[in-house]
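Asks: Residues per chain, in single letters:
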Amino acid sequence: MQSITLGWLDYAILGIYVAFVVGIGFALKRYMKTSSDFLTSSRGIPTWVTGLAFISANLGALELVGMAASGAKYGIATAHFYWVGAIPAMVFLAIFMMPFYYGSKARSVPEYLKMRFDERVRGVNSIAFAVMTVFASGISMNALAKLLNQLLGWNYHLALWVCSGVVLIYVLKGGLTSAIYTEVLQFFMIVLGFAPVVYLGLKDAGGWTAVTNALHGVAANPAALDLKPIGESYAANAWTSAWQPLLAGPECNPMGVDWFAMVFGLGFVLSFGYWCTNFLVVQRAMAAKNMTAARNTPLVAAVPKMLFPALVILPGLLAIALASMPGKHYRLPPPPIDSENFVAAIQVMSKATAQDSDAAFKQVSSTIGMKMSKEKVTALITSFAVAPVTEAAAQLQAATTRATDSKTALKALKRKGTATAAEIAAAEASTETAKQELRAMEKKHAVASQAFNERLRDTVEANDYDGVILSLVKKYCPTGLLGLALTALLASFMSGMAGNVTAFNTVWTYDLYQSARRRIFDAPRACTIVGKDGKETEVMVTPKEPSDSHYMWMGRFITVVGILLSIGCAYFARMYNNAMDVIQLVFGFVNAPLFATFLLGMFWKRCTGTGAFLGLLGGIGTSALVHGMTLAEGKGGWLGVQYYEFPSTMAQNFWLASFAFIVCFVLTAGISLATKRTKTDAELTGLVYSLTPKTVDATQSWIQRPAVLGTILLIGCVILNFLFW
Amino acid sequence: MGLDIRLPIGLMFSLVGLLLAGYGLASPKDIYDAHSLGININLIWGAVLIVFGALMLFGAFRARKANAAK
Numbered sequence: 001m002q003s004i005t006l007g008w009l010d011y012a013i014l015g016i017y018v019a020f021v022v023g024i025g026f027a028l029k030r031y032m033k034t035s036s037d038f039l040t041s042s043r044g045i046p047t048w049v050t051g052l053a054f055i056s057a058n059l060g061a062l063e064l065v066g067m068a069a070s071g072a073k074y075g076i077a078t079a080h081f082y083w084v085g086a087i088p089a090m091v092f093l094a095i096f097m098m099p100f101y102y103g104s105k106a107r108s109v110p111e112y113l114k115m116r117f118d119e120r121v122r123g124v125n126s127i128a129f130a131v132m133t134v135f136a137s138g139i140s141m142n143a144l145a146k147l148l149n150q151l152l153g154w155n156y157h158l159a160l161w162v163c164s165g166v167v168l169i170y171v172l173k174g175g176l177t178s179a180i181y182t183e184v185l186q187f188f189m190i191v192l193g194f195a196p197v198v199y200l201g202l203k204d205a206g207g208w209t210a211v212t213n214a215l216h217g218v219a220a221n222p223a224a225l226d227l228k229p230i231g232e233s234y235a236a237n238a239w240t241s242a243w244q245p246l247l248a249g250p251e252c253n254p255m256g257v258d259w260f261a262m263v264f265g266l267g268f269v270l271s272f273g274y275w276c277t278n279f280l281v282v283q284r285a286m287a288a289k290n291m292t293a294a295r296n297t298p299l300v301a302a303v304p305k306m307l308f309p310a311l312v313i314l315p316g317l318l319a320i321a322l323a324s325m326p327g328k329h330y331r332l333p334p335p336p337i338d339s340e341n342f343v344a345a346i347q348v349m350s351k352a353t354a355q356d357s358d359a360a361f362k363q364v365s366s367t368i369g370m371k372m373s374k375e376k377v378t379a380l381i382t383s384f385a386v387a388p389v390t391e392a393a394a395q396l397q398a399a400t401t402r403a404t405d406s407k408t409a410l411k412a413l414k415r416k417g418t419a420t421a422a423e424i425a426a427a428e429a430s431t432e433t434a435k436q437e438l439r440a441m442e443k444k445h446a447v448a449s450q451a452f453n454e455r456l457r458d459t460v461e462a463n464d465y466d467g468v469i470l471s472l473v474k475k476y477c478p479t480g481l482l483g484l485a486l487t488a489l490l491a492s493f494m495s496g497m498a499g500n501v502t503a504f505n506t507v508w509t510y511d512l513y514q515s516a517r518r519r520i521f522d523a524p525r526a527c528t529i530v531g532k533d534g535k536e537t538e539v540m541v542t543p544k545e546p547s548d549s550h551y552m553w554m555g556r557f558i559t560v561v562g563i564l565l566s567i568g569c570a571y572f573a574r575m576y577n578n579a580m581d582v583i584q585l586v587f588g589f590v591n592a593p594l595f596a597t598f599l600l601g602m603f604w605k606r607c608t609g610t611g612a613f614l615g616l617l618g619g620i621g622t623s624a625l626v627h628g629m630t631l632a633e634g635k636g637g638w639l640g641v642q643y644y645e646f647p648s649t650m651a652q653n654f655w656l657a658s659f660a661f662i663v664c665f666v667l668t669a670g671i672s673l674a675t676k677r678t679k680t681d682a683e684l685t686g687l688v689y690s691l692t693p694k695t696v697d698a699t700q701s702w703i704q705r706p707a708v709l710g711t712i713l714l715i716g717c718v719i720l721n722f723l724f725w
Numbered sequence: 726m727g728l729d730i731r732l733p734i735g736l737m738f739s740l741v742g743l744l745l746a747g748y749g750l751a752s753p754k755d756i757y758d759a760h761s762l763g764i765n766i767n768l769i770w771g772a773v774l775i776v777f778g779a780l781m782l783f784g785a786f787r788a789r790k791a792n793a794a795k
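Chains as they are written, first to last, in the working numbering: chain E, 1 to 725; chain X, 726 to 795.
Chain E on its own, in the form it takes in the complex (with noise of 0.2 Å):
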């Protein structure tokens, strides 16, 4: 990671977001009268806000981070997740689904499910995301403080108190509608803060012709770049279509995909199932004021979403393109180096000399444990790069010494009692001497530190390409659009940390705590009375449920446990990286199947609550197994049969998805019609599409009825198509 210094502008325009995001929560604090307020902005808030806060909801640092990540490394084909894989499903979301999720009255999309099947599937459902949401969050977070304590030397943990404080305060104070608002606010700061990087970026390469120029020679050798092995190459087209490579089949496109996976796998299974099931962003268009205005939601983030790629993914060509570039002077990011290797680095480095130079370089790569150019080592070795390093550590060793020295002269020397008063002011001044000589020689030993890094980085012959779009960042932002940029990254991982805490306390409170509450303490039960003449009889009596003020206050104190396990889970991130990547595949199994549920259950009144619930379970245990007997990559295949090898992890996971659909689908369908209907079609009027009033539009003007604003979309979702065929 590179190091970035910030200048008194570039905190005060950090400073002023924060006091903007706090400033909000606080002013909404007089509006959270009753749960509802709190939990789900009781319906009140207009469209535009809604549907920028629902794109916002899923526009996290990490899929900022990770677009540009994948423009570099995939091309243009990385718009596929935007003009494939969410376009058609949020236009879907609007005009087919959320007339049942808005007008069945439920709070969130687990209680959906549970008035249309049954507790079964509400739990699943409800549980699944609740952890996932808490992690969600508590990744996103690592991933914020880690980035703050490399670039910027803050600590670790302080970074990441400090962070989800403002978080809390803001969410504690404002509910759901907070998290809305400031989502709205980092919309605009993320697309106004990275827009001059990708002009001055785009502006630099030359224009779009140069780039395409030159995305077209990365092709025909993408090893130059370190982007693909030595000898693997492609049409010139690869990086700048993103269609043709694909219809070509999956060892013509750097994602290694065929296209039935593109579009089955991620354009209808993962994309419906996350734009349309998802409760973190359903939740954005549920607190809209009316609705029309909830169907409006997605089209109106679709507008902004469409168009994303210009601002996520280019940043990912542009570094391409410059780094091929010999002129710019720009090169990927190379990953960054392990400190305890670092420093086994140093050793091996300080004893080489010129003439050694072969075996030295063995050794140092062999030390980093990363692919390294020779070449560049031998540079370092010849000119004695690493000489300030060791110098400055001699010297800091020195000034460690004279300062402990000095200390325990003192202290002796205050024990002793007999030593004069100028003889204690003397020793004294001299321990203050020698304790700001080693402050000095810390500082000067970890500017060396740092910039010998920085030259032995750049030996690495590998790329760090989530560190691309800060590399940009880096290169084009002087100080103040420093502190803008910066700004931006940092809102949309606290906006993405407080989307996933609304949607966990909302689900929380709702769905686990009054569903298990009202099952277990306020169900009707029997009771015994004894009458005067003493004869028993039988009763049921219904408990009273808490008032709302007790689910008000169970909201609030959830939000505070969700962010404190939030943490923790940073925590669990930092120290067991590997166990993180189970737990989101784990999640990836959970998913995967999820919209085949939902699809029958909003379509076919047969489909009962059994027929979900095996349905869904056996969806997952599908993922889980296909991932068990293939492998991509070297991944999957711990079923210990590895039935069939994938080009890329992502063809793995798409196929993975499909399969998961397909027989959670079949399963559902199969086991509903063997079991009986528990639900009348009274029940179900309102939940169902054949047993629900169509919604009418007539009362809008055309312009803004959602079935003409999805097909416009649908319309320029093709034609980006075409343009990039």
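Treat the hints with caution; some may be incorrect.
What the hints assert, rightly or not - Per the computed footprint, the stretches of chain E lying under chain X, defined by three or more beta-carbons under 8 Å from a beta-carbon of chain X, are: (1) 8-15; (2) 22-31; (3) 178-191; (4) 200-211; (5) 476-489.
Claimed, not checked - Negatives, chain X to chain E, calculated, CB over 10 Å: (6) A779; (7) F783; (8) R787; (9) R789; (10) K790; (11) K795.
Source of the hints: derived by calculation from the structure; they are not laboratory data.
Beta carbons: idealized from backbone N, C-alpha and C, even for Gly.
Take the given structure of chain E and dock chain X to it, following the hints.
Replies: The following block gives chain X in isolation, referenced to the frame of chain E:
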């Protein structure tokens, strides 16, 4: 909800825009040569933010007036 979000957005971006543009006017040219291709991006982008912030504030005040008229 009672708070018009355009108000804080407008205020914040106007403020940040003023700071950026002000710094752009006062800062030496060489920081732009080193980073932004010699373009005084702080001044230009500061101005863009001021315009954006002003538009947001304008929208918020107009809505408030319309509400008051009701």
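Asks: Taking the hints in turn, state whether each one holds.
Replies: Hints, one by one, checked against the model:
Only when three residues or more bring their CB closer than 8 Å to a CB of chain X does the claim for the stretch 8-15 of chain E stand; here the count is 3, and the claim holds. For a cut-off of 8 Å, the count of residues in the stretch 22-31 of chain E with a CB near a CB of chain X stands at 6, and the three-residue condition holds. Coverage of the stretch 178-191 of chain E by chain X holds. Counting CB-CB distances below 8 Å, 4 residues qualify, and the rule asks for three or more. By the rule of at least three residues with a Cβ nearer than 8 Å to a Cβ of chain X, the coverage given for the stretch 200-211 of chain E holds, with 3 such residues.
Under a criterion of three residues with beta carbons nearer than 8 Å to beta carbons of chain X, the stated coverage of the stretch 476-489 of chain E is upheld, 7 such residues being counted. With 10 Å as the threshold on Cβ separation, the claim that A779/X sits away from chain E holds: the shortest Cβ distance comes to roughly 14 Å. Residue-level check passed: F783/X sits 15 Å from the nearest beta carbon of chain E, beyond 10 Å. For R787/X, the requirement that its beta carbon stay farther than 10 Å from each beta carbon of chain E is met, with the minimum near 14 Å.
Here R789/X stays apart from chain E, with its beta-carbon at least about 14 Å from theirs, past the 10 Å limit. With 10 Å as the threshold on Cβ separation, the claim that K790/X sits away from chain E holds: the shortest Cβ distance comes to roughly 17 Å. Non-interface call for K795/X relative to chain E: holds, since the shortest CB-CB distance, roughly 16 Å, exceeds 10 Å.
Of the numbered hints listed earlier, not one is contradicted by the structure.
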